[in-house]
Amino acid sequence: MVQNIIDVRNLSKSFDISSKEPGLKGTIKHFFRRQKKSLEVIRDISFEIKEGEIVGFLGANGAGKTTILKMLCGLIYPSEGSILVSGYLPFRRKENFLKNITLIMGQKQQLIWDLPPIESFYLNASIYDLDKLEAKKRIKKLSEMLEIDEELFIPVRKLSLGQRMKSELLAALIHEPNILFLDEPTLGLDINAQRNLRKFLQKYNKETNATICLTSHYMKDITSLCKRVICVHEGAISYDGKLDLLLKKLSPVKEILIVCRSEEDANKLENSGFTVKNKIKNEITIKIENNSITSSLKTILNNFDIEDLFINEPPIDEVIGKVLIKKDYDI
Amino acid sequence: MISNLINRKIITLLKVQYSNMLEYRVEIALWAISGIIPFFMLNIWTNNNLNESINISDVMLSRYFVCAFFVRQFSVVWVVFSFEEDSLMGKVSPYLIQPLNPFFRYFAQHLAEQITRFPFALIIAFFFFIFNPESLWIPNLGILLLSIVSTFLSFLIQFLIQSIVACICFWTEKASSIERLLFIPTLFLSGLLAPVVSFPAYVKSWIYLTPFPYLIDFPANLLSGNETNISGGLSMQILWIFLLYPLFKKIWSEGTKKYTAMGS
Numbered sequence: 003m004v005q006n007i008i009d010v011r012n013l014s015k016s017f018d019i020s021s022k023e024p025g026l027k028g029t030i031k032h033f034f035r036r037q038k039k040s041l042e043v044i045r046d047i048s049f050e051i052k053e054g055e056i057v058g059f060l061g062a063n064g065a066g067k068t069t070i071l072k073m074l075c076g077l078i079y080p081s082e083g084s085i086l087v088s089g090y091l092p093f094r095r096k097e098n099f100l101k102n103i104t105l106i107m108g109q110k111q112q113l114i115w116d117l118p119p120i121e122s123f124y125l126n127a128s129i130y131d132l133d134k135l136e137a138k139k140r141i142k143k144l145s146e147m148l149e150i151d152e153e154l155f156i157p158v159r160k161l162s163l164g165q166r167m168k169s170e171l172l173a174a175l176i177h178e179p180n181i182l183f184l185d186e187p188t189l190g191l192d193i194n195a196q197r198n199l200r201k202f203l204q205k206y207n208k209e210t211n212a213t214i215c216l217t218s219h220y221m222k223d224i225t226s227l228c229k230r231v232i233c234v235h236e237g238a239i240s241y242d243g244k245l246d247l248l249l250k251k252l253s254p255v256k257e258i259l260i261v262c263r264s265e266e267d268a269n270k271l272e273n274s275g276f277t278v279k280n281k282i283k284n285e286i287t288i289k290i291e292n293n294s295i296t297s298s299l300k301t302i303l304n305n306f307d308i309e310d311l312f313i314n315e316p317p318i319d320e321v322i323g324k325v326l327i328k329k330d331y332d333i
Numbered sequence: 407m408i409s410n411l412i413n414r415k416i417i418t419l420l421k422v423q424y425s426n427m428l429e430y431r432v433e434i435a436l437w438a439i440s441g442i443i444p445f446f447m448l449n450i451w452t453n454n455n456l457n458e459s460i461n462i463s464d465v466m467l468s469r470y471f472v473c474a475f476f477v478r479q480f481s482v483v484w485v486v487f488s489f490e491e492d493s494l495m496g497k498v499s500p501y502l503i504q505p506l507n508p509f510f511r512y513f514a515q516h517l518a519e520q521i522t523r524f525p526f527a528l529i530i531a532f533f534f535f536i537f538n539p540e541s542l543w544i545p546n547l548g549i550l551l552l553s554i555v556s557t558f559l560s561f562l563i564q565f566l567i568q569s570i571v572a573c574i575c576f577w578t579e580k581a582s583s584i585e586r587l588l589f590i591p592t593l594f595l596s597g598l599l600a601p602v603v604s605f606p607a608y609v610k611s612w613i614y615l616t617p618f619p620y621l622i623d624f625p626a627n628l629l630s631g632n633e634t635n636i637s638g639g640l641s642m643q644i645l646w647i648f649l650l651y652p653l654f655k656k657i658w659s660e661g662t663k664k665y666t667a668m669g670s
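Protein sequence lines, in the order shown, are assigned to chains A and B. Sequence positions in the first sequence follow the working numbering and run 3 to 333. Sequence positions in the second sequence follow the working numbering and run 407 to 670.
Possibly wrong hints are sitting among the right ones.
[What the hints assert, rightly or not] Straight-line alpha carbon distances no greater than 25 Å define the calculated BS3-like cross-link-like pairs of lysine-lysine that follow:
1) B:LYS663 - A:LYS134
2) B:LYS656 - A:LYS101
3) A:LYS229 - A:LYS201
4) A:LYS160 - B:LYS497
5) B:LYS421 - A:LYS139
6) A:LYS142 - B:LYS415
7) A:LYS39 - B:LYS421
These aren't lab readings, by the way, just hints derived from the structure by calculation. Just so you know, these numbers come straight off a predicted model, no measurement behind them.
Please model the entire structure based on the sequences and the hints provided.
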């Protein structure tokens with residue numbers, strides 16, 4: 003049985019923030035008396051993640067996804083509740099725990115800006131107690147997987163965003179962590195670089211059985227990497243489960259465009275009990291529930307003279323977009 | 407075994423930071439030049455014959471100020487500014503989840519910068535002695551070694567003080583303004599502008615209870631061969647390090663609980 007590697011119970015996090023009214027009066031008031039209020043950004047959430055799982059955290063901006071990741075990796079202290087990651091309390095930042103995890107933030111870098119990435123790799127290797135030979139081996143292996151080579155010897159400031167991101171990944175993975183926290187790892191990358199990064203993460207997960215927690219606004223990242231998603235809405239979990247179940251729930255019907263041999267066939271199909279969206283001459287679009295797709299298509303193909311048919315999936319961004327604005331998905 | 411690992415980490419950190427500092431060699435040369443305040447002070451003191459009031463000869467005074475210049479060159483600390491910027495921009499976050507306290511990085515940065523600065527400081531001193539050949543002296547090896555130790559201890563004290571102030575970032579976000587408050591007593595009481603011996607007796611007795619005279623005045627007096635209590639001075643430096651280090655550890659552990667990972 004696969005064990006839970008992350009166990010979160012009744013986790014909450016509040017931040018104290020000060021607010022200021024606009025204008026000179028507000029500024030003077032703010033100078034003498036700061037109005038502080040506590041903002042609860044994570045509200046009583048609980049979930050578990052199994053070893054080797056890739057879980058996507060979905061939510062609108064400010065929903066609390068990144069705050070959850072920051073608490074899971076021990077960067078910030080929770081206000082309430084408990085977190086156990088790989089058997090450790092993350093915030094204590096014990097050496098063995100830190101050697102087991104990594105955090106990659108798409109918009110932040112840890113590479114030394116004026117030096118080639120290779121220098122940062124060797125520095126990280128020594129921080130994680132790897133000897134030079136082992137470090138060399140891992141750099142070679144990871145650079146092959148990431149398809150970077152001569153970029154290793156060019157100062158970071160001269161690398162493209164994609165090359166830099168690959169180097170960031172290499173620096174963050176040199177100690178071969180078991181748990182990866184990725185916050186918007188494909189942010190700003192072009193389509194090819196995004197695809198390569200996804201391919202690399204899939205491969206890394208397959209080869210090392212690493213657990214990956216991922217946030218991304220690019221739905222392609224989520225759909226191609228994650229079987230399970232956790233949707234966060236205003237600091238609370240609105241859905242935790244399989245991605246395909248969520249998609250089915252959110253878009254229970256598929257649209258099928260059927261091109262009939264003749265207009266007569268199209269008329270017959272229109273009156274045969276299917277839900278028709280529209281009909282133009284011999285082309286008819288019908289809506290079929292996901293769970294009866296196979297049987298319905300069989301009926302259509304057996305009883306009507308069909309020239310061609312197209313199954314239209316609803317755009318994933320549109321479907322997921324519904325999650326981001328809704329509070330609860332009880333599936 | 408453990409010390410080997412630590413050494414390897416520190417040596418790699420130093421090597422990498424030194425390579426990084428070499429990228430900024432022009433800036434470092436300018437920083438070295440910008441540290442010539444002691445030479446201006448020497449000029450003011452000698453032109454106004456102020457040294458007569460404290461019974462120090464012109465030669466000894468010029469040696470004191472050239473030593474103050476050297477001590478300053480190798481004990482200058484800016485960690486509060488680096489940490490404040492990194493903390494506000496969220497750059498500290500990746501370092502916080504590595505099994506090495508981020509302050510080791512800043513520590514290595516400072517040491518690497520000192521190594522880079524060394525030749526420039528020598529060139530400046532060389533020109534000083536060209537124009538003031540009577541001030542040239544060669545300290546004996548024992549004194550030279552003790553002065554190097556004392557200068558390093560002075561650097562440690564300043565690094566710890568600034569690191570403690572830097573940790574205030576976890577609460578106020580703008581810790582550098584507190585450092586600016588500390589800059590005033592550092593400037594006046596450390597011996598950078600005037601040897602502490604020139605202060606009135608009742609003020610001196612108070613000054614010696616603070617860490618400031620051990621930052622420049624004591625190591626500079628030691629190196630220049632002026633009369634000074636060597637064991638007393640070194641003991642006070644070590645005492646301040648022993649007092650400041652646990653304070654830093656405490657404020658660091660409390661501060662990181664307040665860290666909000668802003669900007670990331």
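Cross-check of the supplied hints:
Of the pairs offered as hints, the one joining LYS663 (chain B) and LYS134 (chain A) is violated, with about 34 Å between alpha carbons and a cut-off of 25 Å exceeded. Annotation: proposed proximity of LYS656 (chain B) to LYS101 (chain A) holds, straight-line Cα distance about 24 Å (limit 25 Å). For the suggested pair LYS229 (chain A) and LYS201 (chain A), the alpha carbons sit about 15 Å apart, so the restraint of at most 25 Å is met. For the hint linking LYS160 (chain A) to LYS497 (chain B), the alpha-carbon distance of about 20 Å falls within 25 Å, and the restraint holds.
For the given pair, LYS421 (chain B) sits about 21 Å from LYS139 (chain A) by alpha-carbon distance, which is consistent with the 25 Å threshold. Only pairs whose Cα atoms come within 25 Å are accepted, and LYS142 (chain A) paired with LYS415 (chain B) is accepted, the gap being roughly 21 Å. Proposed proximity of LYS39 (chain A) and LYS421 (chain B) is contradicted: the alpha carbons are some 46 Å apart, above 25 Å.
Checked against the numbered hints given earlier, the structure breaks hints 1 and 7 and satisfies all the rest.
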